[in-house]
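All chains, full assembly: derive it from the sequences and hints.
Chains as they are written, first to last, in our numbering: chain A, 1261 to 1722; chain B, 15 to 444.
Since the hints were made in silico from the structure, they are not lab data.
Cβ atoms here follow ideal geometry from the backbone N, Cα and C, with glycine treated the same way.
Hints may contain errors.
From the derived model, a few chain A residues whose C-beta atoms are all more than 12 angstroms from chain B [stated by the list, open to error]: (1) L1388; (2) P1407; (3) N1408; (4) R1478; (5) L1496; (6) W1514; (7) I1518; (8) F1523; (9) I1570; (10) A1574; (11) Y1584; (12) T1599; (13) I1616; (14) I1641; (15) D1665.
Cβ-to-Cβ under 7 angstroms is the rule here; a few derived chain A residues that face chain B [what the hints assert, rightly or not]: (16) A1507; (17) I1510; (18) V1511; (19) H1515; (20) S1516; (21) A1520; (22) V1577; (23) E1578; (24) I1581; (25) S1585; (26) G1586; (27) S1675.
Listed below, chain by chain, are the residues.
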Amino acid sequence: MSESTSTVNRRASGLAQATVFRRVNDDVLATLQRPGVGWAALMAVVLTVLGVAIAAWVYQIKTGLGVAGYVPPVMWGVYITDFVFWVGIAHSGTLISAILFLFRAQFRTAVYRVSETMTVFAVMTAGLFPLIHLGRVWYFYYLIPYPNERLLWPNFRSPLLWDFFAISTYFTISSLFLYLGLIPDIAAARDRAEPRSFRHRLYSLLSLGWQGTDSQWRHYNRAYLFMAGLATPLVLSVHSVVSWDFAMAIVPGWHSTIFAPYFVAGAIFSGVAMVITLVVPLRKAFHLEDYIEEYHLNNLAKLLLLTSLIVFYAYLVEFFIAWYSGSEFEKAIFWDRLTGKYAWACWIMYICNCFIPMSLWSKRIRTSWFWMFVVSIFVNIGMWFERFSIIIQSLAREFMPYQWDYYSASWVEWSITAGSFAWFFMWFLLFVKFLPSMAIAELKELLPPKLRHQQEELERAS
Amino acid sequence: MSHGQKFINVQDLLDRMVERPGGRLYPLAVGLTVVGVVGFIVGVMSDPSRAWAALVWNWALWSGVSTGGAILVAASTIASGHWIRSLRRLAESLTAFMPVSYVIMIVLFFGLGHVYSWVEHPPEAKAAYLNPGFFVLRQVVAVGAVYALSLLLVYWSLRPDLGRLKERVGGWRRGLYDRLTRNWQGLDIELERSIYKRERLAPAVVLVWAAGWTVWAWDWLMSIDPHWFSTLFGAWIFMTYFLAAIGVTAVLATFVRRYRSFVDIIDRRSLHDIGKMLFAFTIFWTYLFFAQYLVIWYGRLPEETHFIEQRLWTVYQPIAIIVLAGVFLIPFIGLLGVKPKRTPALLRTFATISLIGIWFFHLLIIGPGVLPDAVALGPIELAVAVGVLGAFMLTTMTFFRAIPSIAIAAGLPPDPETEKLAELTEPHHH
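Right, dumping it as structure tokens:
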């Protein structure tokens, strides 16, 4: 090939490139168009459920926590289950955006915006439950670690206090991380919006004057790398702290050294499942088939399989060590798990978390949108019941048999649980209409090397 | 993304490949092994429990490293990690110790009673598990399965390279290459087969290792104190070996690039990548340590705390400090920046410190079990340590004398970031 033809070719591919870039902008920003009937209908359902939940909460505040199903010794119930569940859901966001970024796993690009957003909304949902669980919610500020009028500080040795720090740090970092990644994309949306419209003003404000200059990109890339580096240990630490809410106590079934990494793996497991649950319909609704491909689904499925195996490993090790420890209490609690009054919940958890995901060894299932959606729903259910089993079964069968009792959740708790899903989906529905749900800038990076000047030329010409 | 890579000529590389390393270190390695054997025999006659414990300790470390090498390769195959291409053969070389390790394990079965108190006095509740017969059965099966699968994985990785090189070598190497490439079906088909086999073997290797090495960790290390238990222990131990294997690979990389003049292939980016892995898994190791320590400290159950107390608040305290500094603090601070990861001498230093820390970590786990009142570190332990190190060096060096230290047929889909090695997988015709 001679010098000149290669130059011509390069220029031709450059023009093709620019049109591709435009298409990326068009397709992704098209998701921000005026919502249709389907969106409005979903929003109506979500708001109705949320309304019921708010009514239930008001009723609980007026009447007292007695309306929840608590029976001593089970004073942690579905609210704490929900709390741990939602914190868990939050985890894959940071995993996908930070850890996979550091590992240079490029399949993250198509889904990381969705999962990061999911993280922020899931933490916002999780954060409600410590409040809902309070007897007198108007004293919620007691949760904040500050000294009282006698200068007594809260107990820093309490894992519940660590929780406060962990969750608030996680919320701060994950929102900043999400926002940082959004800046160039918001600028793209700004340039597309009607001048002086509400959206234009909003996007101008949020894009912080982004122009896409080389120096801005340089700072952006450094900042993104540092944020990823800082967020990575956070993925491990936050859910470890949540696990220590349980593991620090000497309750059989809770006091186990494997809890921290096992909870982290479980959190990523449930989070990846939720990403799949969200991405499959999103792709269909917004015709993003060219962006979210089987390749991405396959990799998410492998991540799901990996974390399922880690969780499975932890279950098996727990059973063995319960026997090996020689402790009668440990043996009893794990035997009860399989055969006792809560065995139904435990078997749901084992089937959904260990057995159903084994189907993911098959590539045909890993690349099937329908089956992956189904599997992800089962995993969501299984991980909810994992927390339910751990929390409630262990409390209901503590050391003193005369205390044993059977907890079942009341309608108030179920309504609020349903409401938490509604609250989460409400934010998500708003998000897909206000902000680009895919990372435009990163999608473009994955295309062959960009030729920015030619693209600018083309855009100026059009 | 361009890194200013210069193209490497395949023929040149193949010529460089078949040059054998000098083998100047052979007398040293043989000498170390002899010291070890003599030291062990003297030890068995003077203080058998310490001699056997020292053998368990050093055998455990290097066997773990050798499985860790296989896992590093398997994990990066599963994750389609391209970064490991230039270092893959180095990680694979660690598996060469496996046959020797299996033999040492069989020897160790004869000394169990000197190391593990449960052989004589099994705790009633766990006698069904902790008894010599079942122990031997478990280890023969678990270690055998891990080794067999690992070596099979390495075999399928070597095969296309050896087939390509066999015309260029003579003597015993030719015989070896011919035997390992029996039923050769042509380079293109062999490359595809190699990928196919490795992609299917890799998950099996990791799964069997995670399960097998958990049982291995309970049996050889946790049962040193038969009353103690920790659910995380198995995973913590196998991740220790993963870290150790990364460390050994990093050290090998710094030497091979220099003395075998592979500076153009094992470039600073390769060092940077393995350095990042070392840094990341240093933190992960500490996380796993802390996750156990905190739960046990907080729970304050005597059946759990006594194990920690014996190791942190007795004569073993200095060893605990060495371990924490060596495995965590020094490599963590040292490898924080980009420069230390890319500078061979610094990377080698921090990797070596980490390995020394891991060596002391074994002393910390096993030592108090055989000698609670004094640190079990004397001439016998040192002799056995250099002996097993010598044996490990011998196997690795023999591997490199037989087989080139760079994987030519990386056999992974080409990656824009490592075009260089993608180029090398192209079959070259005259």
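We went through each hint and held it up to the structure:
1. L1388: holds, 28 angstroms
2. P1407: For A/P1407, whose nearest Cβ neighbour in chain B is about 24 angstroms away, the distance exceeds 12 angstroms, so it holds.
3. N1408: A/N1408 is indeed farther than 12 angstroms from all Cβ atoms of chain B, at 25 angstroms.
4. R1478: holds, 15 angstroms
5. L1496: violated, 6 angstroms
6. W1514: Per Cβ check, A/W1514 is inside 12 angstroms of chain B; nearest 10 angstroms; violated.
7. I1518: violated, 4 angstroms
8. F1523: It is violated; A/F1523 is separated from chain B by about 10 angstroms at its closest Cβ, not greater than 12 angstroms.
9. I1570: With a cut-off of 12 angstroms, A/I1570 comes too close to chain B, as the shortest Cβ separation is near 9 angstroms.
10. A1574: violated, 8 angstroms
11. Y1584: violated, 6 angstroms
12. T1599: Holds, because the least Cβ-Cβ distance between A/T1599 and chain B comes to about 21 angstroms, which exceeds 12 angstroms.
13. I1616: holds, 18 angstroms
14. I1641: Given that every Cβ of chain B is farther than 12 angstroms from that of A/I1641, nearest at about 25 angstroms, it holds.
15. D1665: Non-interface label on A/D1665 holds, nearest chain B Cβ at 25 angstroms vs cutoff 12 angstroms.
16. A1507: Check passed: Cβ of A/A1507 comes within 5 angstroms of chain B, closer than 7 angstroms.
17. I1510: At 5 angstroms from the nearest chain B Cβ, A/I1510 passes the 7 angstroms test, so the hint holds.
18. V1511: violated, 10 angstroms
19. H1515: holds, 5 angstroms
20. S1516: holds, 5 angstroms
21. A1520: holds, 4 angstroms
22. V1577: holds, 5 angstroms
23. E1578: The hint holds - A/E1578 has a Cβ within 7 angstroms of chain B, the shortest such distance being about 6 angstroms.
24. I1581: holds, 5 angstroms
25. S1585: Interface hint status for A/S1585: holds (5 angstroms vs cutoff 7 angstroms).
26. G1586: Holds, because the Cβ-Cβ distance from A/G1586 to chain B comes to roughly 3 angstroms (cut-off 7 angstroms).
27. S1675: With a minimum Cβ separation of about 35 angstroms from chain B (threshold 7 angstroms), the hint on A/S1675 is violated.
The structure fails hints 5, 6, 7, 8, 9, 10, 11, 18, 27 (numbered hints given earlier, in ascending order).
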